[in-house]
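One line per chain: the protein sequences are D and U, in this order. According to full-length UniProt numbering, the first sequence is numbered sequentially starting from 1. According to full-length UniProt numbering, the second sequence is numbered sequentially starting from 1.
Do not rely on the hints blindly, as some may be mistaken.
No copy is singled out in the list; a pair is fine if it fits within one copy or between any two copies.
As the list claims (entries may be wrong) - Listed next, the in silico DSSO-like pairs over lysine-lysine satisfying Cα-Cα at most 30 Å (straight line): (1) K69 x K159; (2) K301 x K342; (3) K301 x K349; (4) K69 x K56; (5) K347 x K301; (6) K56 x K301; (7) K56 x K342; (8) K74 x K147; (9) K64 x K151; (10) K64 x K349; (11) K200 x K347; (12) K301 x K52.
I should point out that these hints are in silico values taken from the structure, not numbers from a laboratory.
Protein chains: 2
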Amino acid sequence: MNLLTNSFSPWMAGTGSDADIVVSSRIRLARNLKDIPFPHLMDENTANNVTKEIEKAISSRSFKQKFGKTEFFKLVSLAPIERQVLVEKHLISPDHADGHPRRAFACTEDERIALMINEEDHIRLQVLLPGLELRQAYDIANMVDDKLEEKLFYAFSEKYGYLTACPTNTGTGIRASTMLHLPGLTYTNQIPSLLNITAKLGLTVRGLYGEGTKARGDLYQVSNQITLGLTEEEIIENVISVTRQIINQERMAREVLYRENRYALEDELWRSYGILTNARMISSDEAMNLLSKVRLGVELKILPEIERSVFNELIVATAPAYLTNLAQRNLEPAERDRERAKIIREKLKIN
Amino acid sequence: MNLLTNSFSPWMAGTGSDADIVVSSRIRLARNLKDIPFPHLMDENTANNVTKEIEKAISSRSFKQKFGKTEFFKLVSLAPIERQVLVEKHLISPDHADGHPRRAFACTEDERIALMINEEDHIRLQVLLPGLELRQAYDIANMVDDKLEEKLFYAFSEKYGYLTACPTNTGTGIRASTMLHLPGLTYTNQIPSLLNITAKLGLTVRGLYGEGTKARGDLYQVSNQITLGLTEEEIIENVISVTRQIINQERMAREVLYRENRYALEDELWRSYGILTNARMISSDEAMNLLSKVRLGVELKILPEIERSVFNELIVATAPAYLTNLAQRNLEPAERDRERAKIIREKLKIN
Numbered sequence: 001m002n003l004l005t006n007s008f009s010p011w012m013a014g015t016g017s018d019a020d021i022v023v024s025s026r027i028r029l030a031r032n033l034k035d036i037p038f039p040h041l042m043d044e045n046t047a048n049n050v051t052k053e054i055e056k057a058i059s060s061r062s063f064k065q066k067f068g069k070t071e072f073f074k075l076v077s078l079a080p081i082e083r084q085v086l087v088e089k090h091l092i093s094p095d096h097a098d099g100h101p102r103r104a105f106a107c108t109e110d111e112r113i114a115l116m117i118n119e120e121d122h123i124r125l126q127v128l129l130p131g132l133e134l135r136q137a138y139d140i141a142n143m144v145d146d147k148l149e150e151k152l153f154y155a156f157s158e159k160y161g162y163l164t165a166c167p168t169n170t171g172t173g174i175r176a177s178t179m180l181h182l183p184g185l186t187y188t189n190q191i192p193s194l195l196n197i198t199a200k201l202g203l204t205v206r207g208l209y210g211e212g213t214k215a216r217g218d219l220y221q222v223s224n225q226i227t228l229g230l231t232e233e234e235i236i237e238n239v240i241s242v243t244r245q246i247i248n249q250e251r252m253a254r255e256v257l258y259r260e261n262r263y264a265l266e267d268e269l270w271r272s273y274g275i276l277t278n279a280r281m282i283s284s285d286e287a288m289n290l291l292s293k294v295r296l297g298v299e300l301k302i303l304p305e306i307e308r309s310v311f312n313e314l315i316v317a318t319a320p321a322y323l324t325n326l327a328q329r330n331l332e333p334a335e336r337d338r339e340r341a342k343i344i345r346e347k348l349k350i351n
Numbered sequence: 001m002n003l004l005t006n007s008f009s010p011w012m013a014g015t016g017s018d019a020d021i022v023v024s025s026r027i028r029l030a031r032n033l034k035d036i037p038f039p040h041l042m043d044e045n046t047a048n049n050v051t052k053e054i055e056k057a058i059s060s061r062s063f064k065q066k067f068g069k070t071e072f073f074k075l076v077s078l079a080p081i082e083r084q085v086l087v088e089k090h091l092i093s094p095d096h097a098d099g100h101p102r103r104a105f106a107c108t109e110d111e112r113i114a115l116m117i118n119e120e121d122h123i124r125l126q127v128l129l130p131g132l133e134l135r136q137a138y139d140i141a142n143m144v145d146d147k148l149e150e151k152l153f154y155a156f157s158e159k160y161g162y163l164t165a166c167p168t169n170t171g172t173g174i175r176a177s178t179m180l181h182l183p184g185l186t187y188t189n190q191i192p193s194l195l196n197i198t199a200k201l202g203l204t205v206r207g208l209y210g211e212g213t214k215a216r217g218d219l220y221q222v223s224n225q226i227t228l229g230l231t232e233e234e235i236i237e238n239v240i241s242v243t244r245q246i247i248n249q250e251r252m253a254r255e256v257l258y259r260e261n262r263y264a265l266e267d268e269l270w271r272s273y274g275i276l277t278n279a280r281m282i283s284s285d286e287a288m289n290l291l292s293k294v295r296l297g298v299e300l301k302i303l304p305e306i307e308r309s310v311f312n313e314l315i316v317a318t319a320p321a322y323l324t325n326l327a328q329r330n331l332e333p334a335e336r337d338r339e340r341a342k343i344i345r346e347k348l349k350i351n
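Start from the sequences and build out the full structure, keeping to the hints where you can.
Put into structure tokens, the structure is as follows:
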């Protein structure tokens, strides 16, 4: 499956608004089918019926015409390592990779539109685009949602809105998030105060792979906490507005770093570049850390130009499951570290 | 003075026998003039007379014809930083750079033959050649010694041999030493046992800048301890024989390192190369440490070819006094670290 062996996805393009800081924008909608128990309460038979109904909806000719060809499969049909690759590609959640037989997945060939079936809700629809393009992502999500609703009956209450397994998602069922590269705020120790302020604005900031995970590569995800009591548009505008404020702070932090610490900064960024382009073994953590520095160095025009898409792709291309799956055999950690170093050298090669 | 601004000296050529490990060979003869107090006991007037006599001896037409043009000067005529450059170039001892008015210095234009005048003895004659070429260095030293003796009367006793200020130099007055690059023995922790064994053989092993200094860049100096009771030839053969044994051990250690730890070694050597070719600031200690690794990597053919002379020249070209003197102004430590990084990048540049 191309999905599992190709490390490049369209969200890595490095295009879109404010792409020097915003890696990607994501809209996720939570939907459930009417009169059917939520996934954690349903039996296998019901799960199969839900899966079939949704498969039918996305296999329709009109769906294909509008959004392109889709892949569809049950997650049990994949090896654990392959499921892990989908997590690393931000297409499914870690929970959805747990091997439970009810879980299924669908996505368009271009990976912009992805559906987790029978994760926490019957449907978790995701649209993922490069740069700060939340409105466009929402427009697409809306179209997919409308198209699905032509075939499916959603659980919806006039009073509460869309009903979801977890009450925090009830209402609009929307989560809008942006993935940001924040080395400037990290190195000037401003992340704790950022977390504080965004929490007060009803938003959360998390590390790269979602809830409870540590930020790696200075990549942070900003998303709304509340989905009830606000319209979708209000939620999206709120995330955009806070993201813009963080972008401004990050740009200022980079300026301050450069102005007040130029020589040490240049040295550190060039050394990171020197290590990444020469190392023969590298751990995932070190790679993410150094790639963040090199990306900063390229944005500050201290280092030679490297396309943004290269850095975005390397987030996935250097991840453990992706590397192991690509090798088609079990890799010892040391072998993985060598493969990782090799891929980084190849991708960073400047002609 | 070219001597102070040119970082390259003939002993850095990287030629001669076993030049993969032996950087240079040095013969030093201690001589004193008859019936004149040793330097630490003499007055200024006597010091001036000694200096003049020696200057006359090396300024003779026949001396020039045989050994080439020589520079001659009193050390007080140099700024302290300039004297320090001569120490870094291994042309004078740290003691001789102390600014005492009695001290003088002479060397041939090619820097192979150098004389410290009124250091511990009236004359300390040094011949410095690349590679393991102690016999050739001794032949040259002997010729210079003979030439000087045509004009000077040495303090010599039939019973003890050449008389010297310190009894450990009495007898032949010779010190034969080799400067060795021993990363293999260092990384396999064999230096302590090496020190032990060489001491039992009447030899000492010291760090790069002579007695009491720590080894930097994995460079060690092997030299004889005793000068009395043995002939010059026996002393030299002893140093050559022990040096050869160390060379063999070092080659074995490199083989073991490569065989048993290949991947980690390759990674470390490539990283060192990546840092040195990219860093924008580097301390003297870090530079020496990384240059040692890159040199090892080149010798093991893991890294791209770099001429041996480049590494030898960088020992001097990255030293603090040399860098400061070259800038012709007082450099802050951070500025010096930037200059050092720049010189290293330029010299390691591979076309």
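Against the structure, the hints come out as follows:
When the C-alpha separation of K69 and K159 is checked against a cutoff of 30 Å, the pair qualifies neither within a copy, at 36 Å, nor between copies, at 103 Å. Taking the closest pair of Cα atoms, K301 and K342 come within 30 Å of each other both inside a single copy (25 Å) and across two copies (19 Å). Taking identical chains as interchangeable, the C-alpha atoms of K301 and K349 lie at most 30 Å apart whether they share a chain (17 Å) or sit on different chains (22 Å). For a Cα distance limit of 30 Å, the shortest separation of K69 from K56 inside one copy, 13 Å, qualifies, whereas the shortest one across copies, 96 Å, does not.
Proximity of K347 and K301 under a CA criterion of 30 Å is satisfied in both settings, with 19 Å inside one chain copy and 25 Å between copies. When the C-alpha separation of K56 and K301 is checked against a cutoff of 30 Å, the pair qualifies neither within a copy, at 50 Å, nor between copies, at 61 Å. For the identical chains of this complex, K56 and K342 are neighbours neither inside a copy (43 Å) nor across copies (65 Å), given an alpha-carbon limit of 30 Å. Taking the closest pair of Cα atoms, K74 and K147 come within 30 Å of each other only inside a single copy of the chain (22 Å); across copies the shortest separation is 94 Å, beyond that limit.
In this assembly of identical chains, K64 and K151 lie within 30 Å of each other by CA distance solely inside one copy; the values are 14 Å within and 104 Å between copies. Taking the shortest Cα distances, K64 and K349 never come within 30 Å of each other, neither inside one copy (38 Å) nor across copies (55 Å). For the identical chains of this complex, K200 and K347 are neighbours neither inside a copy (40 Å) nor across copies (55 Å), given an alpha-carbon limit of 30 Å. Taking the shortest alpha-carbon separations for K301 and K52, neither the intra-copy value of 52 Å nor the inter-copy value of 61 Å comes in at or below 30 Å.
The earlier numbered hints that this structure contradicts are 1, 6, 7, 10, 11, 12.
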